[in-house]
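*Asks:* Please build the complex by placing chain B on the supplied structure of chain A, with the hints as guidance.
Number of protein chains: 2
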Amino acid sequence: MRLAELSRHSGVSTATIKYYLREGLLPPGRQINATTAEYDEEHLRRLRLVRAMIQVGRIPVATVREVLGHVDDDSLGRTIRLGAALWALPQVPEPDTEDAHVRAARQEADALLRTLGWTNARLLTTISPAYRSLVVSVAALRRLGYDWDAELLMSYAELMHRAAVLDLDFVETRESEAERIETAVLGAVLVEPMLQALHRLAQEEESARRYGFE
Amino acid sequence: MRLAELSRHSGVSTATIKYYLREGLLPPGRQINATTAEYDEEHLRRLRLVRAMIQVGRIPVATVREVLGHVDDDSLGRTIRLGAALWALPQVPEPDTEDAHVRAARQEADALLRTLGWTNARLLTTISPAYRSLVVSVAALRRLGYDWDAELLMSYAELMHRAAVLDLDFVETRESEAERIETAVLGAVLVEPMLQALHRLAQEEESARRYGFE
Chain A
1 MRLAELSRHS GVSTATIKYY LREGLLPPGR QINATTAEYD EEHLRRLRLV RAMIQVGRIP
61 VATVREVLGH VDDDSLGRTI RLGAALWALP QVPEPDTEDA HVRAARQEAD ALLRTLGWTN
121 ARLLTTISPA YRSLVVSVAA LRRLGYDWDA ELLMSYAELM HRAAVLDLDF VETRESEAER
181 IETAVLGAVL VEPMLQALHR LAQEEESARR YGFE
Chain B
1 MRLAELSRHS GVSTATIKYY LREGLLPPGR QINATTAEYD EEHLRRLRLV RAMIQVGRIP
61 VATVREVLGH VDDDSLGRTI RLGAALWALP QVPEPDTEDA HVRAARQEAD ALLRTLGWTN
121 ARLLTTISPA YRSLVVSVAA LRRLGYDWDA ELLMSYAELM HRAAVLDLDF VETRESEAER
181 IETAVLGAVL VEPMLQALHR LAQEEESARR YGFE
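Chains as they are written, first to last, in full-length UniProt numbering: chain A, 1 to 214; chain B, 1 to 214.
Hints are supplied without guarantee of correctness; some may be wrong.
Just so you have them, the derived chain B footprint on chain A, three or more residues with Cβ under 8 Å [claimed, not checked]:
1) 62-70
2) 73-84
3) 121-128
4) 187-198
It should be emphasised that the hints constitute simulated quantities derived from the structure, not laboratory data. C-beta atoms are modelled at their ideal positions from N, C-alpha and C, and glycine is treated no differently.
So here's chain A without its partners, still in its complex pose (with noise of 0.2 Å):
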């Protein structure tokens, strides 16, 4: 298709595609003439990915543009690559290993995946930003006082270890790796916002299912 066609299909106008394509963030049309360019499916699939990252996800330029290198990264083995192109999106600033509270947090985080059995999990904890996530927001809830017990943080994994499953099924139903790897960053940026809306609709309904509206 022409320009015009990927710029109809995506609903990207033509003036961003460009944009796109200069910041090399969409790969180069197959030159038809000194003028005219050709595009396919597949760069009608990487412009949504670039879409939903900057419009959506509101990532910068430089870098999606990372996040893109490790996703055409094909070198890699998939959880590698996986890893490495979520690992690229925006994430928590490294906690201070000095405050208490961020310690005391870190062995929880530790005690967690030991008595999960996240081995896998276990091996990356030097250098997963998610694993910092876990430790940052565990060290913030010690912090205010928030006195949960351990059990209730084992109870939330294993749901969120259920939707996990439920992310993977769904990836591994894309035909190409390309696509997978694409939808795994796509759902990301895009899955986890709702996520959050059906959690908190879910405690409206839970809330009025024991409370009543009065």
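*Replies:* Just chain B, lined up with the frame of chain A:
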């Protein structure tokens, strides 16, 4: 306790506590003479809540004041009081109802609530920001050609309902109604980032289980 003790117990500087008092985010202490006021456990709890919203949730002072107004309004029933407090938190903007994807997403969300039997949530669709967020995020997925089915959405919703049951069970362990409402607001600010971290960790674990690290 005196101001200095309140500061020591909460880890919040006396200058910041004075600022919160001036802004009306913290009720005044009991004046025991012209220059000294006495604070109690309730001040400490409120201070933690304010700090969580401002420092962890990055919520503007005016919004915090609005949320606290609902938290403290004991003329309302618990569901409404909780809803009013959570709804005052920053939310997604109103979706464009002229947009075909938004209309389709609304139908999908309505069908979901019907199928799930969430009759209470259905009563709130015209006013609930959580419902609006769901419509916005489903519309974004649709617009990007993320062609999943209604069954997957329902599976996610069921998981989030279990998370909501855990949330409210924990809220009910708090002794006073004021603490229960405060815990619910803290949960929205602090537990959601933790769920997201657990979700990503679970994805790493599940991905490595399925595909290894090669």
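*Asks:* All the hints need checking, so say for each whether the structure fits it.
*Replies:* Hints, one by one, checked against the model:
Coverage of a stretch by a chain is defined here by at least three residues with a beta carbon nearer than 8 Å to that chain's beta carbons; for the segment 62-70 of chain A and chain B the count is 0, and the condition is violated. Evaluation of the coverage hint for the segment 73-84 of chain A: fulfilled, as 6 residues show C-beta separations to chain B shorter than 8 Å, against a requirement of three. By the rule of at least three residues with a Cβ nearer than 8 Å to a Cβ of chain B, the coverage given for the segment 121-128 of chain A holds, with 4 such residues. Note: the segment 187-198 of chain A has 10 residues with beta-carbon separation from chain B under 8 Å; the three-residue rule is met and the coverage holds.
Going down the numbered hints, you'll see the structure goes against just number 1.
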